[in-house]
Amino acid sequence: MHAVLTVAWQRLRGAACGAGLGRGVHAGVRRLQELAEKGAEKGAESLSGTDLSPLILQRNSMRWDGKTYEEIPIAHIKATYNNTHIQVVSFDNRPFAHTSCGTEGFQNAKKGTAIAAQTAGIAAAVAAIKGLTMGGLEVISITDNTPVPHNGCRPRKARRM
Amino acid sequence: MANHLRFIGRTVMVQNGNVDAAYGALSRILSQDGIIESVKQRRYYEKPCRKRQRLAYEACRRVYNTEMARKISFLARKSRVDPWLGC
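Note that the protein sequences, when read in sequence, are chains P and E. The opening residue of the first sequence carries number 1 in UniProt numbering; numbering runs sequentially from there. The opening residue of the second sequence carries number 1 in UniProt numbering; numbering runs sequentially from there.
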């Protein structure tokens, strides 16, 4: 038995929301959908949250531990150039765990490394699993959620001018 | 992406628990679609003059690379198996 996660991967963005773009092992925010084996209530909802056409309403038969895709918890990973935050949340935005490289004891520049991100990830998984009384995390999907403006706000000026 | 459905765009399902392969697939798709490159460019503002220079440079580079690849593949036709080997 293991928890199932879908990861949403969000790359870095502007100063208002995060920091720059980070490519690397943990480059971006990942949203992990994590399946709670028991824990969360299993509603009798089908296709909740999605507004599909009422004409052809087919039931998606994919289940992970008896849960549909929409009911699986999510792990948001926000990876900036200088840090990585991970928050595990249920499908209805009830928080399970929140860790970052800073909470793991790293300081300043070391927070931006891949090792620090890995440590934060392990800590978040363990904390989330304790909240869900599970063992192991299974990732079922990865989403990239980097906000790309269609020429919206003007970013800061180029460096070293 | 706040106005769109969650987990539809830029989502890759993990098959057989192979997260690394899924991440690789996601990276490949994003880079092929030019999203990663555009995010990198938007980190700092690129002035219009610099942008024009960059686009011209990329166009020239593309032309040069395609022509060179064509030339090399044409010349590589010389290096085939010797039909008269053993004669």
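A few of these clues could be false.
[What the hints assert, rightly or not] SDA-like mimics (lysine to any residue), calculated; alpha carbons at most 25 Å apart, straight line: (1) E/Lys47 x P/Gly152; (2) E/Lys40 x P/Met62; (3) E/Lys40 x P/Ala109; (4) P/Lys111 x P/Asp92; (5) P/Lys157 x E/Gln41; (6) P/Lys110 x E/Arg43; (7) E/Lys51 x P/Val148; (8) P/Lys157 x E/Lys51; (9) E/Lys40 x E/Val63; (10) P/Lys111 x E/Ser27; (11) E/Lys51 x P/Pro155; (12) E/Lys47 x P/Tyr81; (13) P/Lys111 x E/Gln41; (14) E/Lys51 x P/Cys153; (15) P/Lys157 x E/Tyr45; (16) P/Lys67 x E/Tyr44; (17) P/Lys67 x E/Asn18; (18) P/Lys157 x P/Asn82; (19) E/Lys51 x P/Pro147; (20) P/Lys111 x E/Lys47; (21) E/Lys51 x P/Ala158; (22) P/Lys157 x E/Ile72; (23) E/Lys47 x P/His150; (24) E/Lys40 x P/Gln118; (25) E/Lys51 x P/Ala127; (26) P/Lys111 x E/Gly24; (27) E/Lys40 x P/Ala127; (28) E/Lys40 x P/Cys153; (29) E/Lys40 x P/Pro147; (30) E/Lys40 x P/Ser100; (31) P/Lys67 x E/His4.
Don't read these hints as lab results, they were simulated from the structure. Values in this document were obtained by computation on a predicted structure and should not be read as measured data.
Results of checking the hints against the structure:
Note on E/Lys47 and P/Gly152: the hinted pairing holds, with a Cα-Cα distance of about 15 Å set against a maximum of 25 Å. Of the pairs offered as hints, the one joining E/Lys40 and P/Met62 is violated, with about 36 Å between alpha carbons and a cut-off of 25 Å exceeded. Taken as a hint, the E/Lys40 and P/Ala109 pair is honoured in the structure, with Cα atoms around 20 Å apart against an allowance of 25 Å. Of the supplied pair hints, the one linking P/Lys111 and P/Asp92 is violated, its CA atoms being roughly 30 Å apart against a limit of 25 Å.
At most 25 Å may separate the alpha-carbon atoms for a hinted pair to count; P/Lys157 and E/Gln41 meet this at roughly 12 Å. For the hint pairing P/Lys110 with E/Arg43, the CA-to-CA distance comes to about 22 Å; that is within 25 Å, so the pair holds. Proximity of E/Lys51 to P/Val148 is assessed by CA-CA distance (about 18 Å); at most 25 Å being required, the pair is judged to hold. Between P/Lys157 and E/Lys51, the direct Cα distance comes to roughly 14 Å. Compliance with the 25 Å bound is thereby established for this hinted pair.
Using a Cα cut-off of 25 Å, the hinted pair E/Lys40 and E/Val63 holds, with the two alpha carbons roughly 24 Å apart. Between the alpha carbons of P/Lys111 and E/Ser27 the distance comes to roughly 23 Å, so the proposed pair stays at or under 25 Å and holds. Under the criterion of a C-alpha separation no larger than 25 Å, the hint pairing E/Lys51 with P/Pro155 is consistent with the structure, at around 14 Å. The suggested pairing of E/Lys47 with P/Tyr81 holds, with an alpha-carbon distance near 23 Å, which does not exceed 25 Å.
Annotation: proposed proximity of P/Lys111 to E/Gln41 holds, straight-line Cα distance about 24 Å (limit 25 Å). Our distance criterion of 25 Å between C-alpha atoms is met by E/Lys51 and P/Cys153, whose separation comes to about 17 Å. A hinted pair counts as satisfied when its Cα atoms are at most 25 Å apart, and P/Lys157 with E/Tyr45 qualifies at roughly 5 Å. For the hint linking P/Lys67 to E/Tyr44, the alpha-carbon distance of about 43 Å lies beyond 25 Å, and the restraint is violated.
Between P/Lys67 and E/Asn18 the CA atoms are separated by roughly 20 Å; this keeps the pair inside 25 Å, and the hint holds. Only pairs whose Cα atoms come within 25 Å are accepted, and P/Lys157 paired with P/Asn82 is accepted, the gap being roughly 19 Å. Distance restraint check for E/Lys51 and P/Pro147: the Cα-Cα separation of roughly 21 Å lies within the 25 Å cut-off, and the hinted pair is therefore satisfied. With a C-alpha separation of about 32 Å, the suggested pair P/Lys111 and E/Lys47 falls outside the 25 Å cut-off, and the hint is violated.
Proposed proximity of E/Lys51 and P/Ala158 is supported: the alpha carbons are some 13 Å apart, at most 25 Å. Taking the CA atoms of P/Lys157 and E/Ile72, the gap is near 42 Å; set against the 25 Å cutoff, the hint is violated. A threshold of 25 Å between alpha carbons decides the hint, and for E/Lys47 with P/His150 the separation of about 16 Å falls inside it, so the pair holds. As the CA atoms of E/Lys40 and P/Gln118 are separated by approximately 23 Å, the hinted pair is consistent with the 25 Å bound.
Only pairs whose Cα atoms come within 25 Å are accepted, and E/Lys51 paired with P/Ala127 is rejected, the gap being roughly 46 Å. A threshold of 25 Å between alpha carbons decides the hint, and for P/Lys111 with E/Gly24 the separation of about 24 Å falls inside it, so the pair holds. In summary, the hint linking E/Lys40 to P/Ala127 is not supported, as the alpha carbons are separated by about 33 Å, beyond the 25 Å threshold. For a cut-off of 25 Å, the pair hint linking E/Lys40 to P/Cys153 stands: about 15 Å separates their Cα positions.
This hinted pair checks out: E/Lys40 and P/Pro147 have alpha carbons roughly 12 Å apart, not beyond 25 Å. With a CA separation close to 23 Å, the supplied pair E/Lys40 and P/Ser100 stays within the 25 Å bound. A distance of roughly 23 Å separates the Cα atoms of P/Lys67 and E/His4; the hinted pair therefore holds under the 25 Å criterion.
Violated hints, listed in ascending order, are 2, 4, 16, 20, 22, 25 and 27; each of the other numbered hints is respected by the structure.
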